[in-house]
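Q: Here is what each chain is made of, one letter per residue.
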Amino acid sequence: MTSRRLLVLAERLLPALTLALLLAAIFHQQPRAMSYFGLNLLLNLAVPIVFATLAQMVVIAVNDLDLSIGAYVSLVACIGATLLVQTPWLGVLALLGAVVLYAAVGALIAWRGLPSIVVTLGLSFVWLGLAVTVLPTPGGHAPAWLATTMGWKPPLAPLALWIAAVVSLVGWFAVTRSSLGVVLRGAGGNARSVARAGWSLMAIRVAVYATAGILGLLSGLSLLGLTTSGDANIASRYTLISIASVILGGASFVGGRVFPVGAVLGAMTLTLAASFLTFMRISPDWQVGAQGLILIAVLAIRAVLARGKEAAP
Amino acid sequence: MMAILKARLGGAPWLWSFLGAAAAWGATLIAAHGQGGGQILTAAFTFSAFTVLVSLGQMLVITTGPGNVDLSIPSVIALSGAVAMLTMNERPEMMLPGLVAAIAAGAAVGIANYGLIRLLRIPPIIATLSSSLVVTSIAITVGRGLTVKPPQLFADLVSFRFAGIPLLAVVALAAAVVVALTLERTVYGRSVSAIGQSRRVAQLAGLSVERTRLLTYLISGALAGLTGALIAGFSGGNALDQGQEYLLLTIAVVVIGGTAVSGGRASVPGVWGAALFMFLIVTMLNAAGTAPGLRTLLTGLIIIAVIAIGGGEKLRP
Chain G
1 MTSRRLLVLA ERLLPALTLA LLLAAIFHQQ PRAMSYFGLN LLLNLAVPIV FATLAQMVVI
61 AVNDLDLSIG AYVSLVACIG ATLLVQTPWL GVLALLGAVV LYAAVGALIA WRGLPSIVVT
121 LGLSFVWLGL AVTVLPTPGG HAPAWLATTM GWKPPLAPLA LWIAAVVSLV GWFAVTRSSL
181 GVVLRGAGGN ARSVARAGWS LMAIRVAVYA TAGILGLLSG LSLLGLTTSG DANIASRYTL
241 ISIASVILGG ASFVGGRVFP VGAVLGAMTL TLAASFLTFM RISPDWQVGA QGLILIAVLA
301 IRAVLARGKE AAP
Chain C
1001 MMAILKARLG GAPWLWSFLG AAAAWGATLI AAHGQGGGQI LTAAFTFSAF TVLVSLGQML
1061 VITTGPGNVD LSIPSVIALS GAVAMLTMNE RPEMMLPGLV AAIAAGAAVG IANYGLIRLL
1121 RIPPIIATLS SSLVVTSIAI TVGRGLTVKP PQLFADLVSF RFAGIPLLAV VALAAAVVVA
1181 LTLERTVYGR SVSAIGQSRR VAQLAGLSVE RTRLLTYLIS GALAGLTGAL IAGFSGGNAL
1241 DQGQEYLLLT IAVVVIGGTA VSGGRASVPG VWGAALFMFL IVTMLNAAGT APGLRTLLTG
1301 LIIIAVIAIG GGEKLRP
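In order, the protein sequences belong to chains G and C. Sequential numbering of the first sequence, starting at 1, is according to the numbering used here. Sequential numbering of the second sequence, starting at 1001, is according to the numbering used here.
If you're looking for bench data, these hints aren't it; they were derived computationally from the structure. Even for Gly, the Cβ is constructed at its ideal location relative to N, Cα and C. A few of these clues could be false.
As the list claims (entries may be wrong) - Reference listing, derived: stretches of chain G covered by chain C, where coverage requires no fewer than 3 residues with Cβ under 8 Å from a Cβ of chain C:
1. 274-288
2. 295-302
To be verified - Restraint ranges, calculated between C-beta atoms of paired labels, are given here:
3. R196(G) x T1147(C): 55 to 65 Å
4. G151(G) x P1092(C): 54 to 64 Å
5. F1160(C) x P284(G): 49 to 59 Å
6. L1167(C) x S200(G): 50 to 60 Å
7. A1305(C) x S200(G): 20 to 30 Å
8. L21(G) x A1023(C): 49 to 59 Å
9. E11(G) x F1160(C): 54 to 64 Å
10. R192(G) x V1178(C): 37 to 47 Å
All chains should be built: construct the whole structure from the sequences, respecting the hints.
A: Written as structure tokens, this is what we have:
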């Protein structure tokens, strides 16, 4: 194996190594965390973040950026905590409407060639406005079936790990192995050649934003199942966390290079970072900062590896 | 007549933002039965002054080319507000050192942003995102959850107005003029636009690309630092969420004002027009008695509509 291939391998394994290192540190500090119950507690909140991260990932795959995902997840949670309980059919209709609106925004971006970052910033206001209208003050409650689903204790490993494993596998297959995945990455890598091959860039964007909408839906509902009540700002931090997780997972920002498995691992890493601080008895003030520092550290290692690759024969 | 108007507007996209601001003001006056037009304008110029000061930096950053955007602005505002209030510690003689400390804190974050971009070779969005996370934690640690009041003199100065004209607006106007002249007349300003149009060509032409980018992120940080101190002074003390709205606001104001999101073309007057527009839209919706949720929703729709009609350039995120 040449040193170049070794470096490439290290680069691909980096997300898994980061997570393993963090887990090892947590287990070292608190051996009792190394149990079904402990892991459940640690990773519970990773589920909605994983879904939000995958939503962000499909958008990043086509070189766009979604600054509205956090507000959207909050909206889903708000609809779930109100309409979905009071008038279930209306709630389902509202959720489907939100997905359609997401797809329509994708169409608008493709049609007018707009900067996704500005459009989705505006869109985040739309989601927030809708969320505040649906649920003006924090409250409401999750549908019983949702809370039961998220509270389920499957055999062998906590629910969060099962979901992460299944979602990684499906994501890996869809992005890396399926023909649709090739088109998706192609649209990010070289849009013109994908268009020449007969694919409609408009249709691709619509599909991407609709997928983001559906994944955001899963994120919002799983979050509601865990917290059991809604709030218009409940997931506002997800926007930045989802971008950070996708990048932690090894994605480069342009060129359609995304890695679903890495993104899932990245989301779990950032969720654990918060618990890690608690175990290390570091002030919770540094929760957000620790996430930033982990991101910077991983990017620094990646930069070193990239330089090594350039120098290697 | 229409043709002339159209040609004029084509050459100066920023005129749209002023027309939009005037329309929003007019609609507010109608809703309020012609009452309080002057007070509305005074408030608009006061709050737009903050927006303009911080957006000028964002404009320079965006002008340096695709992918360049400063996401650390809200965290810098939170940090510098705390730094300024703690340094001043309610003593009027510490006013100037407090301002300098706030600007220095912002500039330091700007330098760090550039350092991350350069050393880690990562897109500016990722660099400023990571630094904003760290800066937020630093702001929490520095502020310790306490709100320190500004010295009375400082509070008086930032809310001072003469014949309805706020002092802050004069400061922001002066800053806008300085930035406009810098862009037009200096090597640095010319380099900013040149790099935005084509980084490669700028490099081949012998412009110092790296120094220009460093300066740009430094200026953006310093302006956010200054704004943070002013906001804290204006609102009776520092608070962590004081910068929150400025992430959306700066980007929206820069783009609506006619600066090319793909870089290479800045529009200083547009920043003022768009800042007034964004404030007056909210005032108009308030005057019309719109519910808070609907108001936020409509603000978002208006931003998207303005971008969809006025934008339409191909660019990267």
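Q: Are there three or more residues in the stretch 295-302 of chain G whose C-beta lies within less than 8 Å of some C-beta in chain C?
A: holds (count 5)
Q: 50 to 60 Å was suggested as the range; check whether the CB atoms of L1167(C) and S200(G) agree with it.
A: holds, 55 Å
Q: 55 to 65 Å was suggested as the range; check whether the CB atoms of R196(G) and T1147(C) agree with it.
A: holds, 59 Å
Q: Could one say that the CB atoms of F1160(C) and P284(G) fall in the range 49 to 59 Å?
A: violated, 40 Å
Q: Does the Cβ distance between L21(G) and A1023(C) fall inside 49 to 59 Å?
A: The hinted range 49 to 59 Å holds for L21(G) and A1023(C), with Cβ atoms some 57 Å apart.
Q: Can you let me know if the beta-carbon spacing of E11(G) and F1160(C) is within 54 to 64 Å?
A: About 57 Å separates the Cβ atoms of E11(G) and F1160(C), which means 54 to 64 Å holds.
Q: Do the Cβ positions of A1305(C) and S200(G) conform to the proposed distance bound of 20 to 30 Å?
A: At roughly 25 Å between Cβ atoms, S200(G) and A1305(C) fall inside 20 to 30 Å, so the hint holds.
Q: Between G151(G) and P1092(C), does the C-beta distance stay in 54 to 64 Å?
A: holds, 58 Å
Q: Taking a Cβ-Cβ distance under 8 Å as contact, does the stretch 274-288 of chain G have three or more residues in contact with chain C?
A: holds (count 5)
Q: Using the C-beta atoms of R192(G) and V1178(C), is the stated range 37 to 47 Å upheld?
A: holds, 42 Å
This entry does not satisfy hint 5, going by the numbered hints stated previously; all others are met.
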